[in-house]
Amino acid sequence: MTAIPHASDLRPGFADPVLSGQAVYRAVLKGMSYPGRLQALPATVDAPPPLSPVAAGVLLALADLDAPVWLDPAGLATDDVAGWLRFHCGCPVVEDRATAAFAVLDATSAADLEGFALGTPEYPERSATLIIQVPRLAEGEGHTLTGPGIKGSTRLRAEGLPEGFWRALADNRLLFPQGLDVILAAPEGLACLPRTTIVSE
Amino acid sequence: MQPNDATQAQDTLDGYNFAYLDEQTKRMIRRATLKAVAIPGYQVPFAGREMPLPYGWGTGGIQVTAAVIGPDDTLKVIDQGADDTTNAVSIRRFFARTAGVATTERTTQASLIQTRHRIPEAPLTEDQILVYQVPIPEPLRWMEARESETRKMHALEEYGVMHVKLYEDIAHLGRIATSYDYPVRVNGRYVMAPSPIPKFDNPKMDMMPALQLFGAGREKRIYAVPPYTRVESLDFEDHPFEVQAWDEACALCGATDSYLDEVVIDDAGGRMFVCSDTDHCTQRTASREAAE
Amino acid sequence: MYVAVKGGERAIDNAHRLLAEERRGDRAVPALSLTQIKEQMTLAVDRVMTEGSLYDRDLAALAIKQARGDLVEAIFLLRAYRTTLPRLAVSEPVDTARMTIRRRVSATFKDLPGGQVLGPTFDYTHRLMDFKLAAEADDDAEPCERGEPRQDETVPRVADLLGEEGLIEPEVPRDGDTAEPGDITREPLEFPADRSTRLQSLARGDEGYLLGLAYSTQRGYGRNHPFAGEIRMGDVAVEIVPEELGFAVEIGDITVTECQMINQFKGSKAAPPQFTRGYGLTFGQGERKAMAMALVDRSLRAEELGEDLTAPAQDAEFVLSHCDNVEASGFVQHLKLPHYVDFQGELVTVRALRREHERKEATDAAE
Chain A
1 MTAIPHASDL
11 RPGFADPVLS
21 GQAVYRAVLK
31 GMSYPGRLQA
41 LPATVDAPPP
51 LSPVAAGVLL
61 ALADLDAPVW
71 LDPAGLATDD
81 VAGWLRFHCG
91 CPVVEDRATA
101 AFAVLDATSA
111 ADLEGFALGT
121 PEYPERSATL
131 IIQVPRLAEG
141 EGHTLTGPGI
151 KGSTRLRAEG
161 LPEGFWRALA
171 DNRLLFPQGL
181 DVILAAPEGL
191 ACLPRTTIVS
201 E
Chain B
1 MQPNDATQAQ
11 DTLDGYNFAY
21 LDEQTKRMIR
31 RATLKAVAIP
41 GYQVPFAGRE
51 MPLPYGWGTG
61 GIQVTAAVIG
71 PDDTLKVIDQ
81 GADDTTNAVS
91 IRRFFARTAG
101 VATTERTTQA
111 SLIQTRHRIP
121 EAPLTEDQIL
131 VYQVPIPEPL
141 RWMEARESET
151 RKMHALEEYG
161 VMHVKLYEDI
171 AHLGRIATSY
181 DYPVRVNGRY
191 VMAPSPIPKF
201 DNPKMDMMPA
211 LQLFGAGREK
221 RIYAVPPYTR
231 VESLDFEDHP
241 FEVQAWDEAC
251 ALCGATDSYL
261 DEVVIDDAGG
271 RMFVCSDTDH
281 CTQRTASREA
291 AE
Chain C
1 MYVAVKGGER
11 AIDNAHRLLA
21 EERRGDRAVP
31 ALSLTQIKEQ
41 MTLAVDRVMT
51 EGSLYDRDLA
61 ALAIKQARGD
71 LVEAIFLLRA
81 YRTTLPRLAV
91 SEPVDTARMT
101 IRRRVSATFK
111 DLPGGQVLGP
121 TFDYTHRLMD
131 FKLAAEADDD
141 AEPCERGEPR
151 QDETVPRVAD
161 LLGEEGLIEP
171 EVPRDGDTAE
181 PGDITREPLE
191 FPADRSTRLQ
201 SLARGDEGYL
211 LGLAYSTQRG
221 YGRNHPFAGE
231 IRMGDVAVEI
241 VPEELGFAVE
251 IGDITVTECQ
261 MINQFKGSKA
271 APPQFTRGYG
281 LTFGQGERKA
291 MAMALVDRSL
301 RAEELGEDLT
311 APAQDAEFVL
321 SHCDNVEASG
331 FVQHLKLPHY
341 VDFQGELVTV
351 RALRREHERK
361 EATDAAE
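Protein chains in written order, with full-length UniProt numbering: chain A, 1 to 201; chain B, 1 to 292; chain C, 1 to 367.
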C-alpha cells in the first residue's frame, strides 16, 4: 500500500481537473438531491483497475488532503489504486475505516458497514460516504425508494449487492441524523442513497 | 415566445482560478453541500474563506455558487427580488468576470439563482438550483446566543423554546409577529432559518422540485433543503401559519398574487405597490402588452 | 412617477470612479509612494499585516494606499488576497529567545540577563505637537546612533527564568489541546476552542476590541492580577523543514512583538499557588495589541484554571465570535443594503397589530 509508483507508469487523471471536477461534482450533487436517479458521469477517467472509472471520477472530484480514502481490502486496496489516488488527489489512503471520509467498496463486501464514521449527534455530517462499485444500475425496477428528493416513490435496481447490505442500510436509516451516505457506482453512471432514503422491497 | 436573452460574459478576470476559489476550497465546500443535502435542514460548519466582497453582503451564497457553478450554467442574481439592485449587479458581475458564465434576469432561463431575501414568484424546476445568502443561519439564536448550546438543542431535537417564543407573541399581541426569516421545520426534524425571506415565500420551499442551498459566510455554515422535501412553517392548531396579503394589486402589471413592495411617491405620503420580483413583473407586463 | 432606488451597473461604475478620485485627492500634490508608506507609516503597516494575517510590507502598504488610510478596509483587502495564496509549507515555531532584540522591557525585574532595552518607543515622549515635522522636509534630523544588534545571542525570556524555580506554570499541552495547533482559516471555529485556536483568533482580532476587553479586566470585570513580565520586539528567523531535506532551513526574518503577562494565581484543588501566563504576539511593532492580547488570553483561561466565570472577557464564545473586524465591519455595514422586502413584511405586521390594538381600546372604552 505504501509504494509510490513511478510517475511514467501512472495513469492520467482528469484532462481538465477544474472543469471535470466541477461537472462530476454536479452529477453527485444531483444524485444526492434525487436519490435513486441514475446520473451519467460527464467526465470519466482511465483508472487503474479494479477501481471503476465512475468511482475514480467521484474521488478525483471530491477527495483530497482533508478527505482520507479507505479502500476495500477485498480487491481494491492495491498499490496501483492507492498510488494513483495519492498522486492525483493528494489524499491520505487509510487502513482504519473509522478515519475515512470516503470508502470504496466492491458490491460483494457491502454487507459489512460496521466501523465507518457515523458522525455524532452534534456533528452528524462527520460521517463516511461510501462509494460502492456495482456491476449494473437500472431505474424503474428493483427496490422502492421514498424520502426527501423523491417525488412520491421511485425504484432502483442495483445488481450485485448482498441482502445484508439492504438490512444494514435500513439500520443506518434509524440512526438519523447520524449515518452513512452511499454512492452506487456502475459502468453506466451513479445513483445515491443518502441516509434519509427509505428502502423497501 | 421570448428569445433567450441570457448575456454571455465578456472581459473575464485573468490571474484567478475559475469562479475565483481555489480547487481545494471548492472541494471542501462541495463536500459540505453533499452532507447538507443528506441531512436536510442541518447546518454544516465549513471553513468559509474571506471573499473579495464584505461579510454580510452575500459571501456565503457567493462561496456556494462558486463551488457549484460550471461553464454551462446560466446565472441569475436577485436582491429583494430585483435583478438590478446594486448588490445583485455586483455579485452577477463578479461571476461573469471570474467564471465567464452567461447571466440572465429571466427566472425560467437560469440554471442557478443566487438570492437575497426572496424566492422568485415563478415556480422553480428540477433543472434549477436556488442558492440563498444567509446572515444568521441559527434559528434558535434569538432565544439562545451560544452556539455550544444551540448545537445541543438541535442534537436533542429540543425546540420547545421556539414554540414558546412564537406563542408569547400570540398571548401578547393576538398573532405571531414574525414576518420574515420565519422558522420552518424540514422533513419533520431540524428547525431551520429560511434566511430573511418574507414569510410569504415560506410555502414555496415546501416540496420544491429544485434543490435549495443556503450559505452563511461570516457564520461559516452551509445547509440545504433537498427537492421534494417537506418544509413546514411552525404554527399552532388555533393559530395556523398565514402569509401576508395586500388589498392592492401591482401598479405596473396588475398582479394580485405576488409579493408587493410599497413605494412612497410624493411628499404627501402617497403610496403605490409594485411587484418585488422584477422579472415576474416584466414578464407579466410584456405578455399583457402582447395580448393588446 | 415611480423611480425606485435601483443602481445598476452605471451607478456602481460611477461610484468607483468617484472613489478613485477621492483617494487620489488634489493632483497638484504628489502621489504617495508605497515606499513612503512602508518606511514612514510603519506602525500602520504592522497593524494591517497582523490583523490581515499576512507578513508582507509591500502588500500591506498597497492595501493602505488603496484603502485611503482606512486600516480596517486595508486589513480586509489583505485578507481577501491572502485566501487566494497557496499554502506551500508550515513553519517551525519561531524561537523568540533567539530574537535579535530591538526593544525589551520587563516590569517585574529591575535588571535581568540581557538587560532592558528601551528602543524606539512613544512611552516617554511628551505628547506635544512637533511643528518641525509640519515643515516641508524633516530629513535634516541627525541620524540616530544605533547600538550594534546582538547577533546569535540567546536572551532568555523572563517567564523562563521564573520557570526554572517552578514559580510559574510550565507551558505544556493541556486537556483539550491538540497535538497540532488549530487553524481557523482551515477549520471553522468550534467551542470549546483550544488555546492555540484562541490565540490565533486573538492575533487576527481587532486591536480596539481587544484593548477594550483587556481594559475591562483591569477595571474589575474578571480581574486577573497581571504584571508585564516582558515585552520584546525584534527580528526572529522563520524556518521550515522541507520534506525532501528533513532538517530546518531558514527562509527569512520577520519582526515581531511578544508580550508575556505574568499573573498571580492563588492555586486551586488541582494546582499549587504559582504564576500563570497570558501571551500576546503580533507582526512588526504592535505593543498595545500584544499586551491587550496577553490580558485577554489569560482571561480566557479562567475556566481551565478553575476560576469563576463572571466577566465578558472570560467568555470565549463571546470574545472570539466578535473579535474579527473583517466579519464585524461587514455585518454592521450590511445594514445599508436594501431590506425593503423585510421592511414591507414588518409594515404589514405593525399595521395589523395597530388595528388589533385600536379595536381592543375601542372595546375597552365601550365597556
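Derived from the structure by calculation, the hints contain no laboratory data.
Where hints are given, some of them may not hold.
Said to hold, decoys possible - No more than 27 angstroms apart at the CA atoms, straight line, and that leaves these computed lysine-lysine pairs for BS3-like:
(1) B/K204 <-> A/K30
(2) B/K204 <-> B/K165
(3) B/K165 <-> C/K360
(4) A/K151 <-> B/K204
(5) C/K65 <-> C/K266
(6) C/K266 <-> C/K110
(7) C/K38 <-> C/K65
(8) C/K110 <-> C/K38
(9) B/K152 <-> B/K165
As the list claims (entries may be wrong) - Just the calculated beta-carbon pair ranges, DEER-fashion:
(10) A/P121 <-> B/E242: 28 to 36 angstroms
(11) A/A74 <-> C/F318: 34 to 42 angstroms
(12) A/V18 <-> C/R10: 29 to 37 angstroms
(13) A/E95 <-> C/E346: 56 to 64 angstroms
(14) A/V18 <-> C/P242: 54 to 62 angstroms
(15) A/L174 <-> B/I170: 31 to 39 angstroms
(16) A/T120 <-> B/V161: 21 to 29 angstroms
(17) C/E250 <-> A/F87: 28 to 36 angstroms
(18) B/T7 <-> C/E358: 31 to 39 angstroms
(19) C/A352 <-> B/T282: 50 to 58 angstroms
(20) B/Q24 <-> C/L133: 27 to 35 angstroms
(21) C/P273 <-> B/K152: 33 to 41 angstroms
From the three backbone atoms N, C-alpha and C, an ideal C-beta is built for every residue, glycine too.
Consistency of the hints with the structure:
1. For the hint pairing B/K204 with A/K30, the CA-to-CA distance comes to about 20 angstroms; that is within 27 angstroms, so the pair holds.
2. Proposed proximity of B/K204 and B/K165 is supported: the alpha carbons are some 24 angstroms apart, at most 27 angstroms.
3. Between B/K165 and C/K360, the direct Cα distance comes to roughly 23 angstroms. Compliance with the 27 angstroms bound is thereby established for this hinted pair.
4. For the hint pairing A/K151 with B/K204, the CA-to-CA distance comes to about 16 angstroms; that is within 27 angstroms, so the pair holds.
5. Between C/K65 and C/K266 the CA atoms are separated by roughly 49 angstroms; this puts the pair beyond 27 angstroms, and the hint is violated.
6. The hinted pair formed by C/K266 and C/K110 meets the criterion: a straight-line CA distance of about 24 angstroms does not exceed 27 angstroms.
7. Using a Cα cut-off of 27 angstroms, the hinted pair C/K38 and C/K65 holds, with the two alpha carbons roughly 10 angstroms apart.
8. Between C/K110 and C/K38, the direct Cα distance comes to roughly 35 angstroms. Violation of the 27 angstroms bound is thereby established for this hinted pair.
9. Annotation: proposed proximity of B/K152 to B/K165 holds, straight-line Cα distance about 19 angstroms (limit 27 angstroms).
10. At roughly 34 angstroms, the beta-carbon separation of A/P121 and B/E242 lies within the given 28 to 36 angstroms, and the hint holds.
11. As the Cβ distance of A/A74 to C/F318 is approximately 51 angstroms, the hint placing it in 34 to 42 angstroms is violated.
12. At roughly 33 angstroms, the beta-carbon separation of A/V18 and C/R10 lies within the given 29 to 37 angstroms, and the hint holds.
13. The hinted window of 56 to 64 angstroms between A/E95 and C/E346 holds, with their beta carbons roughly 58 angstroms apart.
14. About 28 angstroms separates the C-beta atoms of A/V18 and C/P242, a value inconsistent with the hinted range of 54 to 62 angstroms.
15. At roughly 36 angstroms, the beta-carbon separation of A/L174 and B/I170 lies within the given 31 to 39 angstroms, and the hint holds.
16. Between A/T120 and B/V161 the CB atoms are about 22 angstroms apart, so this pair conforms to the stated range of 21 to 29 angstroms.
17. Checked against the hint of 28 to 36 angstroms, the C-beta distance between C/E250 and A/F87 comes to roughly 31 angstroms, which is consistent with it.
18. Distance hint check for B/T7 and C/E358: the Cβ-Cβ separation is about 51 angstroms, which falls outside the suggested range of 31 to 39 angstroms.
19. Our hint of 50 to 58 angstroms for C/A352 and B/T282 is violated, since their Cβ atoms are close to 30 angstroms apart.
20. The hint said 27 to 35 angstroms for the Cβ distance between B/Q24 and C/L133, and at roughly 48 angstroms that hint is violated.
21. For the pair C/P273 and B/K152, the beta carbons lie near 36 angstroms from each other, so the given range of 33 to 41 angstroms is met.
Consistency with the previously given hints fails for numbers 5, 8, 11, 14, 18, 19, 20, ordered from lowest to highest.
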